[in-house]
Amino acid sequence: MKIMNEINTDNIKSQMRKGVLEYCILSILNNNDAYASSLIAQLKEAKMIVVEGTLYPLLTRQKNQGLLSYRWEESQQGPPRKYYSITDKGKDLLAEMDSAWEEIVETIAFLRNKK
Amino acid sequence: MKKVVTVGIGRKSFVIDDDAYQRLSIYLARFKEQTGMGKETADVMEDLEERIAELFTEALGSKYQVVNISMVNTIVSQLGMPDGSSMEDFSTPREEASYRPPVKKLYRDSDDKVIGGVCSGLALYLNVDVVIIRILFVVALVVGGTGFWAYVVFWIVAPLAYTAAQKCEMRGIPATAENLRKFSSYR
Numbered sequence: 001m002k003i004m005n006e007i008n009t010d011n012i013k014s015q016m017r018k019g020v021l022e023y024c025i026l027s028i029l030n031n032n033d034a035y036a037s038s039l040i041a042q043l044k045e046a047k048m049i050v051v052e053g054t055l056y057p058l059l060t061r062q063k064n065q066g067l068l069s070y071r072w073e074e075s076q077q078g079p080p081r082k083y084y085s086i087t088d089k090g091k092d093l094l095a096e097m098d099s100a101w102e103e104i105v106e107t108i109a110f111l112r113n114k115k
Numbered sequence: 001m002k003k004v005v006t007v008g009i010g011r012k013s014f015v016i017d018d019d020a021y022q023r024l025s026i027y028l029a030r031f032k033e034q035t036g037m038g039k040e041t042a043d044v045m046e047d048l049e050e051r052i053a054e055l056f057t058e059a060l061g062s063k064y065q066v067v068n069i070s071m072v073n074t075i076v077s078q079l080g081m082p083d084g085s086s087m088e089d090f091s092t093p094r095e096e097a098s099y100r101p102p103v104k105k106l107y108r109d110s111d112d113k114v115i116g117g118v119c120s121g122l123a124l125y126l127n128v129d130v131v132i133i134r135i136l137f138v139v140a141l142v143v144g145g146t147g148f149w150a151y152v153v154f155w156i157v158a159p160l161a162y163t164a165a166q167k168c169e170m171r172g173i174p175a176t177a178e179n180l181r182k183f184s185s186y187r
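Protein chains in written order, with my numbering: chain F, 1 to 115; chain B, 1 to 187.
Read the hints as simulated data drawn from the structure, not as lab findings.
For each residue, glycine too, the CB sits at the ideal point set by N, CA and C.
Be aware that a few hints might be false.
Unchecked claim - Some chain F residues near chain B, calculated using beta-carbon distances under 10 Å:
#	residue
1	N8
2	I12
3	S14
4	K18
5	S37
6	I49
7	P57
8	T60
9	K63
10	N64
11	I108
12	F110
Excised from the complex, chain F in its bound form (with noise of 0.2 Å):
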């Protein structure tokens, strides 16, 4: 029973952190254009991601989308890598997950403050 309640537990937190993986992509990008692998480095230091396979196809998604743009940026070793960068179209929706975040959060506190 408790193993049941473990796995439940890990998999809420999983799923609540996949829900803010993008928001989090265009937040970091909205502070600094990055490679690949410094989004990744970042991501991981904040334990939003667990592997990185997960990053690759929202990646490629939010470009699709216009939220990113990359460019060639020559590295010091090896051939060019992929430097990521938000768009306007980007800059416009991080501000509406901001307020959404704000909102969320505003919620949960007065849930939890309500007697």
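Position chain B relative to chain F; hints supplied.
Showing chain B alone in chain F's frame:
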């Protein structure tokens, strides 16, 4: 001594042990399969390969010159699958599957057909040259017309080998990533 392969990943070339190469091919094929984003899949795979090239370069450093199986295993578990599952989750069913002897089924061959692909399908099933089967059918057609009805029956009974997996079954070879890629229609 080990057989090595030279591969191009993320626009870089690497020398890789044969067993490590097999492992990596299976991983990439499965990742591609699970991504399932149609045309966009190619973009995803490009990003993934770029990352693999980066990680190989890191792992090789200046000490090694050949990518080995343990490097591939480390990288594959670090990368994982698109849905966030890990390497262990998909390696188990695969190993079970490889113990199963490959099945051979009668299909019609879509790649080598004159009318319905019946003759080439039969030829692959019986392991004989397709020309012999075709001649037999023509002879049977001219002598009494049984060839016509036999052809119609085979056409109805045998399904057309459409997917790469079916094409492997048609030839009685295991559906490994290598073989699947050989018959895959979108390369």
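Okay, the hints, checked on the actual structure:
1. N8: violated, 16 Å
2. I12: With a closest approach of 14 Å, the F/I12 hint is violated.
3. S14: holds, 7 Å
4. K18: Interface hint status for F/K18: holds (8 Å vs cutoff 10 Å).
5. S37: Holds - the Cβ of F/S37 comes within 10 Å of chain B, reaching about 6 Å at its closest.
6. I49: holds, 8 Å
7. P57: Hint holds; F/P57 Cβ to chain B Cβ min 5 Å, cut 10 Å.
8. T60: Cβ of F/T60 sits 4 Å from chain B, so the hint holds.
9. K63: This hint holds: F/K63 lies near chain B, its Cβ roughly 7 Å from the closest one there, short of 10 Å.
10. N64: Holds, because the Cβ-Cβ distance from F/N64 to chain B comes to roughly 6 Å (cut-off 10 Å).
11. I108: violated, 24 Å
12. F110: Violated. Min distance 31 Å.
Hints 1, 2, 11, 12, counting from the list given before, are not met by this structure.
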